[in-house]
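Going down the list, the sequences are from chains A and B. Using this note's numbering, the first residue of the first sequence is number 41, and each one after it goes up by one. Using this note's numbering, the first residue of the second sequence is number -10, and each one after it goes up by one.
There may be inaccurate statements among the hints.
Quick list of in silico lysine-lysine cross-link-like pairs, DSBU-like style, CA-CA up to 35 angstroms [said to hold, decoys possible]:
hint, chain 1, residue 1, chain 2, residue 2
1, A, Lys204, A, Lys281
2, B, Lys(-4), A, Lys138
3, A, Lys281, B, Lys(-3)
4, B, Lys63, A, Lys182
5, A, Lys54, A, Lys138
These aren't lab readings, by the way, just hints derived from the structure by calculation.
Residues per chain, in single letters:
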Amino acid sequence: MAVVVPYKDQQEGKKKQISQMFNSISGKYDLLNRVLSLGIDKSWRRAAIREVSKEKPQLILDVATGTADLAIAAMKATPKKVIGVDISDQMLEIGRKKITKLGLDEKIELLSGDSEQLQFPDNNFDAVIVSFGVRNFENLEKGLSEINRVLKPGGKLVVLEFSKPEKFPFKQIYQFYFRFILPIVGRLVSKDGAAYTYLPESVNSFPYGKAFTDIMVKLGYQRVQCNELTFGVSSLYVGYK
Amino acid sequence: MKAETIKKLCCPFDKAELSLTVITTDLNGSILEGFLVCQECKRIYPIIKGVPIMNPDEYREFELEKPILDQWNKYLENKTIENFKLRELNS
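Here chain A stands alone, though its shape is the one from the complex (with noise of 0.2 angstroms):
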């Protein structure tokens, strides 16, 4: 399958053109997530530290953390700390004055670097969590496996993405939404055409559901599980080391 990049016209790979696309609309990336997912967005991400607050984590990992939303909603979880990493330098700057302004700078700490190379040492963290991060990851089996190192064994993978949903109507209200609203209003507010062509062609050829979850367990992780959340336009997917 061919990959799926934001910048169809350049020849540098995805995960640099990621970076690229993601200094570029970090300025807009917050509102635009609101904007977009009409509110939703933020009940996912609740869900997803719903799923992540049952193992009790101390030490939490947030996988290409971009702005911090996941990062900050985790502290329901109350751990001990939470440790951000992205490649995207301007995301996180944007990230470290949120958590600077709620006062949190004592329990988030956000880091450059790579995903599917992590600066941790093996067995590290009690839970991880990536939301809308892994359909950016230029090799995902490599970022998948990076992210079950770093975990302690029995830590806890929560992943959080875009999927497609499959029943009548919502199958076709989300379609014309994601084809034809989104580009236009992502494009109107961030000035980016390409980037928000990008989202729907990304989810499109992405792996969602058994897919998925099949990966995962194919990478070692157990008792593999995955929900569909507002009719399977995003779905968690749970594993275990």
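Starting from the known structure of chain A, fit chain B onto it as the hints suggest.
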């Protein structure tokens, strides 16, 4: 960034241990400036404004890091930096 967080990091490339040099800290003991060096590949990761720069090589901009590393020259103990790696100076 807190020293305890920085001390837990390893090299993203070969997962080897890093040696930490602290240059400045804030009143709470958090590290503001310093650098990490991989024991294996000798890559140097500067800590700037409290943030360790640990991106893959192709995402780092040496031109941006150089003025800061030049200021830290005395901590580098006569070593030079090439492709983000520390090298012994030939005497």
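Now for the hints, and whether the structure bears them out:
{"no.": "1", "hint": "A:Lys204 / A:Lys281", "result": "27 angstroms, holds"}
{"no.": "2", "hint": "B:Lys(-4) / A:Lys138", "result": "25 angstroms, holds"}
{"no.": "3", "hint": "A:Lys281 / B:Lys(-3)", "result": "21 angstroms, holds"}
{"no.": "4", "hint": "B:Lys63 / A:Lys182", "result": "39 angstroms, violated"}
{"no.": "5", "hint": "A:Lys54 / A:Lys138", "result": "28 angstroms, holds"}
The structure fails to meet hint 4 from the earlier list, while all remaining hints are met.
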